[in-house]
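K.L.:
From first to last, the protein sequence lines are chains A and B.
Take the first sequence: its letters are residues 1 to 119, numbered as in this note's numbering.
Take the second sequence: its letters are residues 1 to 189, numbered as in this note's numbering.
The hints are simulated quantities; they were obtained by calculation from the structure and are not laboratory data.
C-beta atoms are modelled at their ideal positions from N, C-alpha and C, and glycine is treated no differently.
Do not rely on the hints blindly, as some may be mistaken.
No more than 25 Å apart at the CA atoms, straight line, and that leaves these computed lysine to any residue pairs for SDA-like [what the hints assert, rightly or not]: (1) B/K161 x A/F77; (2) A/K66 x B/T163; (3) B/K161 x A/N69; (4) B/K161 x A/L64; (5) A/K66 x B/K77; (6) B/K9 x B/A137; (7) A/K73 x B/K46; (8) A/K12 x B/H131; (9) B/K161 x A/L36; (10) B/K77 x A/L58; (11) A/K73 x B/K80; (12) B/K46 x A/S91; (13) A/K12 x B/S7; (14) B/K9 x A/L36; (15) B/K161 x A/V56; (16) B/K46 x A/S48; (17) B/K46 x A/L36; (18) B/K77 x A/E67; (19) B/K161 x A/F54; (20) B/K161 x A/I76; (21) A/K66 x B/S158; (22) B/K77 x B/R160; (23) A/K73 x B/I11; (24) B/K9 x B/L167; (25) A/K73 x B/L164; (26) A/K66 x B/K46; (27) A/K12 x B/S79; (28) B/K77 x A/L15; (29) B/K46 x B/L167; (30) B/K46 x A/S55; (31) B/K80 x A/I76.
Here are the simulated distance ranges between beta carbons [unchecked claim]: (32) B/G143 x A/G90: 37 to 43 Å; (33) B/K80 x A/W72: 31 to 37 Å; (34) A/N109 x B/M24: 31 to 37 Å.
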Amino acid sequence: MEVANHPGVNLKNYLIGFTGSLALTLASYFVVANHLLSNPLAILTIFSFAFLQFSVQLIFFLHLGKETNPRWKLAIFLYTASIVLLVMLGSLWIMSHLSYHLNSHQINNYIMRDEQFKK
Amino acid sequence: MAEHHNSEKNIFGFWVYLMTDLIMFAVLFATYAVLRNQTFGGPGPKEIFNLPYVLVETLILLTSSFTVGLSLLAAHKNSKTQALVWLGVTFLLGVAFLTLEISEFRQLILEGHSFQSSAFLSSYFALVGTHGLHIFAGLVWMGILVYKILVSGLSQGSVRKLTLLSLFWHFLDLVWIFIFTIVYLMGVI
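Construct the entire structure; sequences and hints are all you get.
P.N.:
Next comes the structure, spelled out in structure tokens:
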């Protein structure tokens with residue numbers, strides 16, 4: 001049964017969302033727990049599964065993209081997603097650049113000096 | 001018609017709040033990603049996380065995200081009992097999740113790995129703890145809503161609040177996907 005004012009709220013959608021998310025969660029878990037893949041490939045795989053599950057839940061649980069025009073929810077979501085990417089990638093990029101110039105051993109020494117820790 | 005229009009505005013406003021909350025979580029994720037190797041001589045993610053335990057937490061939260069949807073569905077079908085039962089199941093699953101998380105935190109602190117031990121642990125407790133606080137707020141909200149539906153039935157107002165609550169609860173599961181992947185799975189790889 002579909003309710004006119006709430007597109008996407010029906011049993012079929014919830015069932016698809018739930019079984020899809022369940023399968024993806026278990027798949028990433030088994031990849032990591034059983035060491036099925038070597039390092040860079042394993043990270044790539046679990047990230048793809050995470051983004052896939054993110055999309056599944058956005059569509060089937062949060063009903064994104066089911067609204068009628070104008071699609072304000074979708075617009076705000078895409079804008080937020082771009083900020084999230086900027087914050088995440090930007091922070092990682094800046095900080096890895098910083099660690100390149102300053103290794104963590106040095107940082108620890110600075111912290112110990114500033115906080116007057118004794119080793 | 002005016003009521004429909006209002007409810008749509010309500011949902012949109014709540015959606016904007018969720019998106020700003022997402023930015024806050026993104027900042028906490030970025031902090032964690034940057035600091036996750038700064039263990040200050042202490043143990044790293046590999047040594048302290050228990051993956052099967054976290055899988056159970058994850059499955060509980062995922063199931064509760066499903067059952068809150070079933071509750072909303074029942075409310076749309078105007079079935080008060082079903083809506084209450086599914087909301088009650090969601091509430092219990094939420095309590096189970098939060099209990100597991102708190103005992104995980106307690107265990108870590110008892111073993112001497114508190115948020116004060118290293119930058120890695122500070123960012124870990126900040127990220128996962130903030131998510132836990134949201135779950136707690138959701139549970140309080142759910143409790144109030146169950147009471148309102150029990151007392152005054154499935155009024156238009158309660159169904160609207162249930163719609164917003166279900167969005168909030170799905171959103172928290174959405175954030176958990178990345179906590180599970182970035183913090184726990186990647187920590188153990």
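K.L.:
Hint by hint, say whether it matches the structure.
P.N.:
Hint check:
no.	hint	result
1	B/K161 x A/F77	holds (21 Å)
2	A/K66 x B/T163	holds (15 Å)
3	B/K161 x A/N69	holds (24 Å)
4	B/K161 x A/L64	holds (19 Å)
5	A/K66 x B/K77	holds (20 Å)
6	B/K9 x B/A137	holds (23 Å)
7	A/K73 x B/K46	violated (39 Å)
8	A/K12 x B/H131	violated (29 Å)
9	B/K161 x A/L36	violated (44 Å)
10	B/K77 x A/L58	holds (23 Å)
11	A/K73 x B/K80	violated (29 Å)
12	B/K46 x A/S91	holds (23 Å)
13	A/K12 x B/S7	holds (24 Å)
14	B/K9 x A/L36	violated (47 Å)
15	B/K161 x A/V56	holds (24 Å)
16	B/K46 x A/S48	holds (22 Å)
17	B/K46 x A/L36	holds (17 Å)
18	B/K77 x A/E67	holds (20 Å)
19	B/K161 x A/F54	holds (24 Å)
20	B/K161 x A/I76	holds (22 Å)
21	A/K66 x B/S158	holds (23 Å)
22	B/K77 x B/R160	holds (14 Å)
23	A/K73 x B/I11	holds (10 Å)
24	B/K9 x B/L167	holds (14 Å)
25	A/K73 x B/L164	holds (14 Å)
26	A/K66 x B/K46	violated (41 Å)
27	A/K12 x B/S79	holds (18 Å)
28	B/K77 x A/L15	holds (17 Å)
29	B/K46 x B/L167	violated (33 Å)
30	B/K46 x A/S55	violated (28 Å)
31	B/K80 x A/I76	violated (34 Å)
32	B/G143 x A/G90: 37 to 43 Å	holds (40 Å)
33	B/K80 x A/W72: 31 to 37 Å	holds (32 Å)
34	A/N109 x B/M24: 31 to 37 Å	holds (33 Å)
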